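K.L.:
So the chains spell out like this:
Protein chains: 2
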Amino acid sequence: MKNKIYSYRNSVCLLLMLACVSIIAQEKQKPLIIEQQGSFAVGGTIIENPGTFDPYNPTPAGQTLRGDHAYVFYQIPVTARKFPLVMWHGIGQFSKTWETTPDGREGYQNIFLRRGFGVYVIDQPRRGDAGRSTVTATITATPDEQQWFGTFRIGIYPNYFEGVQFAKDPATLNQYFRSMTPSIGPIEIPIMTSAVSALFTKIGPAILVTHSHSGGMGWLTAILNQNVKAIVSYEPGSGFLFPEGEVPAPKPSAGGTLEASGISMADFMKLTKIPIIIYYGDNIPSDPIKNPGQDGWRVRLEMAKLWRDKVNKYGGDVTVIHLPEIGIKGNTHFPFSDLNNIQIADLMSKWLKEKGLDK
Amino acid sequence: MKNKIYSYRNSVCLLLMLACVSIIAQEKQKPLIIEQQGSFAVGGTIIENPGTFDPYNPTPAGQTLRGDHAYVFYQIPVTARKFPLVMWHGIGQFSKTWETTPDGREGYQNIFLRRGFGVYVIDQPRRGDAGRSTVTATITATPDEQQWFGTFRIGIYPNYFEGVQFAKDPATLNQYFRSMTPSIGPIEIPIMTSAVSALFTKIGPAILVTHSHSGGMGWLTAILNQNVKAIVSYEPGSGFLFPEGEVPAPKPSAGGTLEASGISMADFMKLTKIPIIIYYGDNIPSDPIKNPGQDGWRVRLEMAKLWRDKVNKYGGDVTVIHLPEIGIKGNTHFPFSDLNNIQIADLMSKWLKEKGLDK
Numbered sequence: 049m050k051n052k053i054y055s056y057r058n059s060v061c062l063l064l065m066l067a068c069v070s071i072i073a074q075e076k077q078k079p080l081i082i083e084q085q086g087s088f089a090v091g092g093t094i095i096e097n098p099g100t101f102d103p104y105n106p107t108p109a110g111q112t113l114r115g116d117h118a119y120v121f122y123q124i125p126v127t128a129r130k131f132p133l134v135m136w137h138g139i140g141q142f143s144k145t146w147e148t149t150p151d152g153r154e155g156y157q158n159i160f161l162r163r164g165f166g167v168y169v170i171d172q173p174r175r176g177d178a179g180r181s182t183v184t185a186t187i188t189a190t191p192d193e194q195q196w197f198g199t200f201r202i203g204i205y206p207n208y209f210e211g212v213q214f215a216k217d218p219a220t221l222n223q224y225f226r227s228m229t230p231s232i233g234p235i236e237i238p239i240m241t242s243a244v245s246a247l248f249t250k251i252g253p254a255i256l257v258t259h260s261h262s263g264g265m266g267w268l269t270a271i272l273n274q275n276v277k278a279i280v281s282y283e284p285g286s287g288f289l290f291p292e293g294e295v296p297a298p299k300p301s302a303g304g305t306l307e308a309s310g311i312s313m314a315d316f317m318k319l320t321k322i323p324i325i326i327y328y329g330d331n332i333p334s335d336p337i338k339n340p341g342q343d344g345w346r347v348r349l350e351m352a353k354l355w356r357d358k359v360n361k362y363g364g365d366v367t368v369i370h371l372p373e374i375g376i377k378g379n380t381h382f383p384f385s386d387l388n389n390i391q392i393a394d395l396m397s398k399w400l401k402e403k404g405l406d407k
Numbered sequence: 049m050k051n052k053i054y055s056y057r058n059s060v061c062l063l064l065m066l067a068c069v070s071i072i073a074q075e076k077q078k079p080l081i082i083e084q085q086g087s088f089a090v091g092g093t094i095i096e097n098p099g100t101f102d103p104y105n106p107t108p109a110g111q112t113l114r115g116d117h118a119y120v121f122y123q124i125p126v127t128a129r130k131f132p133l134v135m136w137h138g139i140g141q142f143s144k145t146w147e148t149t150p151d152g153r154e155g156y157q158n159i160f161l162r163r164g165f166g167v168y169v170i171d172q173p174r175r176g177d178a179g180r181s182t183v184t185a186t187i188t189a190t191p192d193e194q195q196w197f198g199t200f201r202i203g204i205y206p207n208y209f210e211g212v213q214f215a216k217d218p219a220t221l222n223q224y225f226r227s228m229t230p231s232i233g234p235i236e237i238p239i240m241t242s243a244v245s246a247l248f249t250k251i252g253p254a255i256l257v258t259h260s261h262s263g264g265m266g267w268l269t270a271i272l273n274q275n276v277k278a279i280v281s282y283e284p285g286s287g288f289l290f291p292e293g294e295v296p297a298p299k300p301s302a303g304g305t306l307e308a309s310g311i312s313m314a315d316f317m318k319l320t321k322i323p324i325i326i327y328y329g330d331n332i333p334s335d336p337i338k339n340p341g342q343d344g345w346r347v348r349l350e351m352a353k354l355w356r357d358k359v360n361k362y363g364g365d366v367t368v369i370h371l372p373e374i375g376i377k378g379n380t381h382f383p384f385s386d387l388n389n390i391q392i393a394d395l396m397s398k399w400l401k402e403k404g405l406d407k
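These protein sequence lines map, in sequence, to chains A and B. If you read the first sequence in this note's numbering, its first letter stands for residue 49, the second for the next number, and so on. If you read the second sequence in this note's numbering, its first letter stands for residue 49, the second for the next number, and so on.
Think of the hints as simulated: they come from the structure by calculation, not from any bench. Note that the structure is a prediction, hence the values are computed from the model and not measured. Don't take every hint at face value.
Since the list can't tell identical chains apart, any single copy or any two copies may satisfy a pair.
Stated by the list, open to error - Listed below are the simulated DSSO-like cross-link pairs for lysine-lysine, each with C-alpha atoms no more than 30 Å apart in a straight line: (1) 338 <-> 277; (2) 78 <-> 130; (3) 277 <-> 250; (4) 250 <-> 299; (5) 78 <-> 299; (6) 78 <-> 353; (7) 216 <-> 321.
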């Protein structure tokens with residue numbers, strides 16, 4: 049009985065709170081009302097040195113090292129939707145991908161919290177806050193920003209693409225490049241996918257949002273774990289998986305040759321069981337060009353379409369959206385943090401609704 | 049006029065919301081009501097390779113690398129207190145220090161958000177998500193956890209100290225060790241302090257909360273930046289600063305020799321202008337013992353008391369609390385995440401109130 053009274057009072061209160069928050073929002077952004085938030089490590093392994101540990105004269109003998117886990121920060125809003133979003137960064141990146149944009153606006157973390165989704169942001173094993181690696185690694189401080197400017201399709205350095213959805217002030221570029229962080233050791237795919245699969249085992253059914261390099265690792269994670277209920281993939285960059293014997297020919301480009309991989313039909317069929325949507329941005333040529341920063345994406349978009357056709361042929365539900373084809377221009381390799389990221393998020397929300405994933 | 053009406057309506061709404069939240073809290077933890085949250089890089093430097101960048105055939109020539117910044121995640125609750133808290137981790141750690149505890153309870157990030165403070169958690173330069181370093185570094189995967197178990201005063205491996213404020217299940221120990229992450233390159237003190245000083249310049253007056261290795265760097269940051277309005281330091285581990293000519297003799301211990309440093313009287317006097325409190329936990333011996341994991345803390349506590357006396361002699365306001373002396377037993381090197389961390393936070397809140405820092 050006491051519980052019932054509390055429950056009624058809480059419901060009234062929650063409605064009042066939400067109404068109030070809505071009124072405040074007439075002038076400015078609503079506060080975020082977070083039911084719980086926190087962080088944890090998930091997955092990983094442990095190595096043990098032979099010998100006996102002596103606390104009075106410690107050496108590595110007999111000691112252990114835990115590493116190769118993912119690090120996850122999560123926030124669950126009040127009255128959250130059923131499926132939270134697990135957001136997995138791409139190459140050279142970490143959770144920042146989904147946080148404040150380089151020009152200081154809200155990224156997908158906040159945008160989708162506001163839309164009622166629980167949000168889990170990952171640092172994959174050996175990256176960022178998940179930097180404890182079980183292998184020794186040398187990190188070389190090699191200047192490379194001008195090349196990333198091209199590969200991430202902001203422009204052809206030092207020129208920005210005309211109409212690019214990226215703020216052109218130096219402070220933005222500064223934040224953008226400082227949103228990178230190196231890998232501590234090699235990106236061993238099974239280590240990455242097993243840690244993210246362990247996350248899905250821990251949290252239950254959820255929607256995976258990938259970017260670039262995590263695109264391919266995302267398909268593998270969905271094969272490993274049926275708690276991956278859907279995938280939203282921004283500009284997947286590699287790791288397209290076809291049934292053995294049906295793998296398309298490698299696709300050469302000025303940015304290198306893209307190869308697809310073969311997997312068993314049993315595993316491939318798992319990819320036909322969940323809805324998947326893939327988005328690519330602008331300034332991807334339809335015919336070969338000399339600029340590697342753009343041409344590499346031409347073959348990725350082509351491969352994504354072949355992959356869509358193959359999965360759908362076997363009964364799957366893959367959509368590929370090339371944003372300029374639906375009239376959305378100027379997006380870089382990071383549509384979710386581009387200047388029009390609310391519009392990009394609206395597309396994702398619409399798709400989630402269509403697929404019944406936003407209950 | 050329109051603004052006034054909005055403002056009145058908002059105030060009423062805010063009060064209603066807070067009242068409701070308070071009622072809901074009768075059964076369970078209140079939701080966090082976050083006015084804004086986000087992340088950014090701050091400080092750092094840039095290196096430039098000679099030569100000219102060729103986007104069509106990229107090499108390191110003519111490219112830049114931004115690195116050595118700190119990475120900061122912040123949350124500001126509604127109706128926040130005047131001074132936010134800047135939380136700076138210790139050696140081998142990152143922002144996780146202040147997040148969910150190893151046994152899954154709320155850490156200082158959430159505890160002090162609930163108490164109305166804005167909270168900024170740092171990854172210092174070359175650590176965690178601030179891993180872009182301007183120097184090449186080799187990270188060795190050396191098993192070392194049993195030694196940290198001792199140095200962090202959980203016990204003498206594999207035995208826990210009797211009554212230690214640390215959960216003894218394997219899952220807790222697993223999360224604890226996975227809360228470590230390596231430095232990408234050396235911990236160059238001026239790089240650390242200038243980045244954190246840049247943070248204080250960006251956000252304005254705030255209270256610095258340090259742990260272990262950031263203790264000494266915290267004093268230096270306060271000398272650099274008058275926006276450091278107070279310091280709460282948990283178990284500062286090194287970097288005690290005395291006026292030149294008044295530096296105490298080095299203090300040998302089974303855990304190594306602790307040396308203090310000399311600085312100009314002008315710089316030293318800056319440390320007398322702000323309130324500072326230092327806390328040390330339990331299982332620190334008062335006389336030399338053979339266990340390096342404990343004995344190293346004996347000399348740190350002794351040095352902290354000498355430092356307190358020196359700063360106070362010149363008109364400062366430093367308090368050193370050795371927790372067992374006020375009846376709080378069993379704390380490790382991480383009092384803020386120990387089992388009794390609410391009690392530890394209460395001490396900090398009380399001190400902030402006494403000093404008028406919680407307005």
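K.L.:
It remains to establish, for every hint, whether it holds in the given structure.
P.N.:
Hint-by-hint comparison with the structure:
| no. | hint | verdict |
| --- | --- | --- |
| 1 | 338 <-> 277 | neither (39 Å within a copy, 56 Å between copies) |
| 2 | 78 <-> 130 | both (22 Å within a copy, 21 Å between copies) |
| 3 | 277 <-> 250 | within (14 Å within a copy, 42 Å between copies) |
| 4 | 250 <-> 299 | neither (38 Å within a copy, 48 Å between copies) |
| 5 | 78 <-> 299 | neither (47 Å within a copy, 54 Å between copies) |
| 6 | 78 <-> 353 | neither (39 Å within a copy, 47 Å between copies) |
| 7 | 216 <-> 321 | neither (42 Å within a copy, 42 Å between copies) |
In summary, the numbered hints that this structure violates are 1, 4, 5, 6, 7.
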